[in-house]
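Colleague: Okay, here's what each chain looks like letter by letter:
2 protein chains.
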Amino acid sequence: MTEVRKRRESDGKLLESAESDHIDSEDDRFKSDADLSNTIPSGTDKAPGVLEWLVKDLPDKWRNWAVRAIFSLIMIIFFSLVIYGGPLALMITTLVVQVKCFQEIINIGYAVYMIHGLPWFRSLSWYFLLTSNYFFYGESLIDYFGVLINRTDGLPFLVAYHRFISFSLYCVGFVWFVLSLVKKYYMKQFSLFAWTHLALFIVVTQSYLIIKNIFDGLIWFIVPVSMIICNDIMAYVFGFFFGKTPLIKLSPKKTWEGFIGGGVSTVFFGLGISYVMCQYPYFVCPIEYSEALGRITMECEPSSLFRLQAYNVPTWMKWLNMFGVGSTVHLYPFMLHSLSLSLFSSIIGPFGGFFASGFKRAFKIKDFGDVIPGHGGIMDRFDCQFLMATFVNVYISSFIQTDSPQKLLSQILYLKPEQQLQLFYLLEDSLQNRNMFNAAN
Amino acid sequence: MTEVRKRRESDGKLLESAESDHIDSEDDRFKSDADLSNTIPSGTDKAPGVLEWLVKDLPDKWRNWAVRAIFSLIMIIFFSLVIYGGPLALMITTLVVQVKCFQEIINIGYAVYMIHGLPWFRSLSWYFLLTSNYFFYGESLIDYFGVLINRTDGLPFLVAYHRFISFSLYCVGFVWFVLSLVKKYYMKQFSLFAWTHLALFIVVTQSYLIIKNIFDGLIWFIVPVSMIICNDIMAYVFGFFFGKTPLIKLSPKKTWEGFIGGGVSTVFFGLGISYVMCQYPYFVCPIEYSEALGRITMECEPSSLFRLQAYNVPTWMKWLNMFGVGSTVHLYPFMLHSLSLSLFSSIIGPFGGFFASGFKRAFKIKDFGDVIPGHGGIMDRFDCQFLMATFVNVYISSFIQTDSPQKLLSQILYLKPEQQLQLFYLLEDSLQNRNMFNAAN
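In order, the protein sequences belong to chains A and B.
Quick note, the first sequence lines up with residues 1 to 441 if you use UniProt numbering.
Quick note, the second sequence lines up with residues 1 to 441 if you use UniProt numbering.
Be a bit skeptical, because a hint or two may be false.
Any copy, or any two copies together, can satisfy a pair, since identical chains are not distinguished.
Stated by the list, open to error - In silico SDA-like pairs for lysine to any residue, Cα to Cα no more than 25 angstroms straight-line: (1) K253 - S180; (2) K100 - W126; (3) K366 - Y185; (4) K364 - F190; (5) K407 - V159; (6) K100 - L169; (7) K318 - Y275; (8) K183 - V82; (9) K364 - W65; (10) K184 - P252; (11) K253 - W176; (12) K366 - L73; (13) K184 - R295; (14) K184 - A111; (15) K183 - Y425; (16) K253 - V175; (17) K100 - S226.
No lab work stands behind these hints: they were computed from the structure.
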């Protein structure tokens with residue numbers, strides 16, 4: 001391999017001196033490995049300052065372990081603080097993480113396609129990031145605070161024409177891109193355009209769904225996210241101590257022992273954390289704008305999901321008797337849902353990680369960045385989270401709630417007055433035909 | 001350039017004989033031009049059979065013109081027949097066009113990345129096409145026929161769990177992709193994965209929006225689509241006869257004369273066709289499932305958009321007097337909206353075409369396919385239609401209707417009975433507080 005590259009490189013230099021305007025042409029589109037690793041900040045095992053001194057005497061394997069563990073702990077503490085800070089802090093953190101992930105993906109694109117000569121391409125990427133965030137965040141703000149925004153002077157047009165404004169902004173970017181095309185760089189420009197859009201697709205839609213999940217109650221955010229963290233850590237721990245059988249070629253360090261150990265731990269962890277969180281309205285209440293109070297509230301009468309219910313222990317689980325479990329157990333129904341979440345996070349979740357591994361291998365980089373010592377970039381830590389947000393969102397809309405009366409009412413209030421009346425009478429007829437007024441009394 | 005390629009090619013052969021397992025490595029990722037044009041069926045000026053005989057004596061420039069004109073006519077006739085066939089025929093045609101466009105884009109991807117060794121990648125692409133169509137078409141079918149589907153035995157679970165089923169199908173594809181990764185091909189596989197997703201993004205979402213527009217009334221489909229066709233043809237005609245000033249480097253054949261001539265023609269064409277279509281309920285009525293009739297209807301009392309209204313001619317347009325236009329004119333309000341549509345289709349629409357031109361140049365292909373003699377592939381004819389469907393959809397939702405009472409009612413009927421009652425009383429209170437019952441009487 002090295003020999004080939006050397007030959008090619010010397011060949012490249014020959015060409016370079018012979019026909020200098022072809023340097024950037026199709027065949028040199030990709031940098032060699034050496035170049036790439038210079039441009040993308042790759043993760044390092046070196047720990048900063050004080051920490052470096054603390055772990056300096058440990059053997060290599062343990063030293064990596066220690067740095068990684070310490071920074072896992074730091075991240076978990078940070079995460080808990082953010083949760084303590086409330087939904088707004090969470091949303092801002094989500095936004096920051098999103099921007100950082102986007103930056104890491106885009107930076108790899110820049111490095112791969114060596115686009116130094118075209119400075120406005122960077123602007124275009126960020127412009128598209130802004131546009132799509134404007135669109136997606138706008139959509140959820142309108143869903144939840146539409147009534148409030150409509151009452152503020154000068155803002156109602158933002159609600160009424162939100163999609164039109166977003167689409168116009170996108171069109172500006174699109175036209176800008178087309179006008180920016182330069183003959184010499186067509187291929188690179190289209191590749192980076194595609195790269196940007198896929199990064200948006202992965203990063204922005206996921207963070208939008210995360211925000212939506214937060215609105216349904218903090219528990220829908222905290223439980224899945226911490227399940228993935230738990231699965232990551234426990235798979236690492238099990239793999240570290242018991243790992244023998246390789247799981248998938250893509251990630252040679254992953255083992256079946258880690259996969260299974262992580263999965264089982266996640267199921268128990270999920271049941272435990274759900275049991276604890278179900279007891280606090282702070283975690284289980286949806287975040288709503290209360291018209292009556294004139295502010296955002298997180299207080300509610302917890303729905304039946306979060307109220308203890310008696311379940312009969314099925315016959316095939318009678319052996320639980322020996323642990324002092326009777327014939328009925330009291331559980332929060334949410335705990336049963338947590339089983340689906342933990343199964344997804346430990347079976348499908350890791351594939352997000354494999355996907356990211358494959359991606360890194362394809363572009364011959366070690367990590368997405370070097371923000372977190374011992375871990376790499378933000379993307380390296382969030383790779384398994386990606387499908388999870390979509391899963392939770394789809395899960396909620398399929399199995400938990402369809403639409404809430406409150407939300408539909410706010411949609412009705414957007415109708416013209418005469419349409420509101422029309423709907424009222426349509427609904428009245430429908431309810432009367434089904435005899436539901438009597439049934440209620 | 002040729003010299004460089006020759007040198008590289010001979011170099012390539014050298015390498016090939018020296019280290020055969022590197023043939024498929026990074027640097028050979030892209031075929032040379034000659035290879036590509038062999039693999040992708042490119043448009044031809046040759047006409048089939050009878051037609052060839054008809055145009056054989058014409059000089060080259062006119063011959064191309066004739067073939068193109070005849071096939072434009074054939075397409076317009078076909079298009080009219082489909083419209084005559086009704087909404088179902090239109091939707092099926094949209095689906096066929098969508099699949100064909102997807103195939104053309106994907107074929108280019110295959111040719112570019114030479115993926116012959118990995119047969120299941122083709123299956124994966126089609127699988128993702130199926131999955132996303134299942135998701136998007138399902139979403140609109142549920143929107144419009146949810147009540148009907150819910151009444152059919154065995155189908156309600158498809159409605160209730162639609163998103164969950166779609167997401168599960170997607171996850172299967174995702175896992176399948178990850179498991180299909182082969183070390184030698186990482187880069188190609190990820191590139192094609194990205195390619196497939198972008199093709200889906202462009203093709204499937206647009207055709208979904210087109211279907212949605214059709215449901216809002218055929219006029220929202222026919223007017224924009226024929227505007228783009230008119231703009232294409234008239235820009236070609238004006239460019240052919242008067243074209244002098246080049247418009248954009250990307251498409252050397254496009255001229256300012258064609259751009260402006262096409263634009264002005266489109267505005268007048270749009271006003272004309274709107275005036276005609278506004279008179280027929282067949283074109284202006286939304287397509288709805290009538291519970292009372294138990295079937296799909298396209299009959300309605302046309303909304304105010306499609307009823308003649310008197311407008312005062314503004315002072316600065318008084319010169320229209322000399323054409324016999326009085327101080328008031330009778331217009332359908334839709335005609336004013338048609339101005340926005342025609343402006344978009346003649347100003348932004350062509351950028352879809354430029355984008356496609358640039359794309360073709362980037363990958364050094366002449367056309368997307370060879371289905372339509374004189375025109376190239378389906379994608380070559382539909383390139384300007386793409387942003388249009390989104391524009392119309394966004395335009396309708398921003399300026400024409402928000403939600404219809406009928407549609408909201410069907411959403412309400414998904415709620416649990418007690419929630420339906422709760423909503424009823426909430427709405428009653430809200431209407432009473434705003435004194436709207438009295439105002440209506």
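Colleague: Work down the list of hints and note, for each, if the structure agrees.
Modeller: Hint-by-hint comparison with the structure:
1. K253 - S180: between (44 angstroms within a copy, 19 angstroms between copies)
2. K100 - W126: So K100 and W126 pass the 25 angstroms test inside one copy only (12 angstroms; across, 33 angstroms).
3. K366 - Y185: between (28 angstroms within a copy, 18 angstroms between copies)
4. K364 - F190: The answer is both: 21 angstroms in one copy and 13 angstroms across copies each meet 25 angstroms.
5. K407 - V159: both (16 angstroms within a copy, 20 angstroms between copies)
6. K100 - L169: within (22 angstroms within a copy, 30 angstroms between copies)
7. K318 - Y275: within (21 angstroms within a copy, 76 angstroms between copies)
8. K183 - V82: Neither. Shortest intra-copy (48 angstroms) and inter-copy (40 angstroms) distances fail the 25 angstroms Cα cut-off.
9. K364 - W65: within (24 angstroms within a copy, 50 angstroms between copies)
10. K184 - P252: The answer is between: 15 angstroms across copies meets 25 angstroms, while 40 angstroms in one copy does not.
11. K253 - W176: between (44 angstroms within a copy, 21 angstroms between copies)
12. K366 - L73: This pair counts as within: shortest intra-copy Cα distance 23 angstroms, inter-copy 57 angstroms.
13. K184 - R295: So K184 and R295 fail the 25 angstroms test inside a copy (55 angstroms) and across (57 angstroms) alike.
14. K184 - A111: Cα proximity of K184 and A111: in one copy and across copies (18 angstroms, 21 angstroms).
15. K183 - Y425: This pair counts as neither: shortest intra-copy Cα distance 62 angstroms, inter-copy 64 angstroms.
16. K253 - V175: between (45 angstroms within a copy, 19 angstroms between copies)
17. K100 - S226: within (20 angstroms within a copy, 44 angstroms between copies)
Of the hints listed earlier, those the structure fails to meet are numbers 8, 13 and 15, in rising order.
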